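Numbering-wise, this note's numbering puts 90 at position 90 of the sequence shown, and it's gapless, one number per residue.
Derived by calculation from the structure, the hints in this document are not laboratory data. What you are looking at is a predicted structure, and each value in this text was computed from that prediction instead of being measured. Treat the hints with care, since some could be wrong.
Said to hold, decoys possible - For each label pair, taking beta carbons as the anchor points, the in silico distance ranges come out as: (1) K220 x G192: 22 to 32 Å; (2) K26 x E252: 38 to 48 Å; (3) P178 x K233: 38 to 48 Å; (4) L304 x D223: 29 to 39 Å; (5) Q307 x F283: 22 to 32 Å; (6) N349 x Q141: 36 to 46 Å; (7) P117 x Q208: 40 to 50 Å; (8) L333 x K371: 41 to 51 Å; (9) A319 x L164: 23 to 33 Å.
As the list claims (entries may be wrong) - Here are the computed lysine-lysine pairs in the DSBU-like style, where the Cα-Cα straight-line distance is at most 35 Å: (10) K279 x K165; (11) K353 x K342; (12) K2 x K371; (13) K2 x K114; (14) K259 x K233; (15) K202 x K233.
Every residue, glycine too, gets a C-beta built ideally from N, C-alpha and C.
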Amino acid sequence: MKAVGLITEYNPLHNGHLYHLKQAEKSTEADIAIVIMSGNWVQRGIPAIADKWQRAQAAIDAGADLVFELPFYYAAQAGDIFADGAVRLLADLQAASIVCGSEHADTDFIDLAKQAPATDGDMTFDVKNQTYASNFAAALQAKTGFQLENANDILAFSYAKAILKQKLQGRLQLLTIPRVAAGYHDDVLNNGRIASATAIRKALADEQDISAFTPMKNLKYTDYEEKLFELLKYRLSTDGLGQIRSVYQVNEGMEFLIKQAIEKNPLNFAEFIAMIKSKRYTFARLHRVLVYILLNIKVDQMNLAMQNPYHRLLAFTQAGRAYLHEKKKQFQLPIISHVDQKIANKSLNIDYKAGLVYDQIMGIKDAQDIKRTPIQA
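Let the sequences and hints guide you as you build the complete structure.
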């Protein structure tokens, strides 16, 4: 059996994702579609609008055959780590190809990645206090002429780099399809039937009807920021500088900036984040770091988790089950389908903690991991 892989967040799953899934299967003539989907926290370091089980069910309903969770230690990360982890999982699951959306679908991203500056040492940064991504994009444009600025192009480029890094070229094909209708960060609904996830979330917050744009039902908006801020205030007020400094990706004196800001008693999360925002740190990076602090994830814990990945199965069809049975001897990583307290405390420790905090912030009573079994269709 031949599998095509899709790397997703589905926050929420919308009509553009339906198009992506259908085109992926059509263009590759695959027997099944494997979806690697962010869990309860997405790349920008914010909680998903619906939990991973709701979104996995939506993926199966849309035509996916296997849905695996992209663990927190890959999902809530900068693009390169996000892509590297997802590609690693799909390669181990023996996917023949990855299909992703792109604003420039005619671009050979593998070739572009080969030409890219390989290390920081290959780049000259003319603009100080800019983000690494901005400086890298400028260096890439100077070298290749390609302007890497659109969200889906950036992800496609990251997947290409991951394929090259893991020496998967020839074994795992990267295909791109044009992103249709809505831009990734468009924040308003249009007159068609395809809108960005950003626009759908904003419309949901504004109590607009989103039924024309997503097949997901019973979505509700939760104002997570203030609940998150209450938990953060306690952590930041009680932890010392040394404790904050030991958290993953807290560097460059960031702990002083964060500690000073919280001691000024900001009124809300928006005011707090504005105090620590600068050209050097994107909102996404700050969100991620603050969640790492909240979860108290140390550098060695994160590194150990990334060195010991696994496949967390969320949902499958009968075709997906048949594929797993056929290919299981080729998998190097363990497949986890049932989670007890022992597994939660060890292999899934970071995701388990992230799920508990997600439940608290989003007001969810159902456990995200313990005793939950994969959805069968």
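- Task: Would you pick out the hints that fail for this structure and give their numbers low to high?
- Result: Checked against the structure, the only hint that fails is number 8, while the rest are satisfied.
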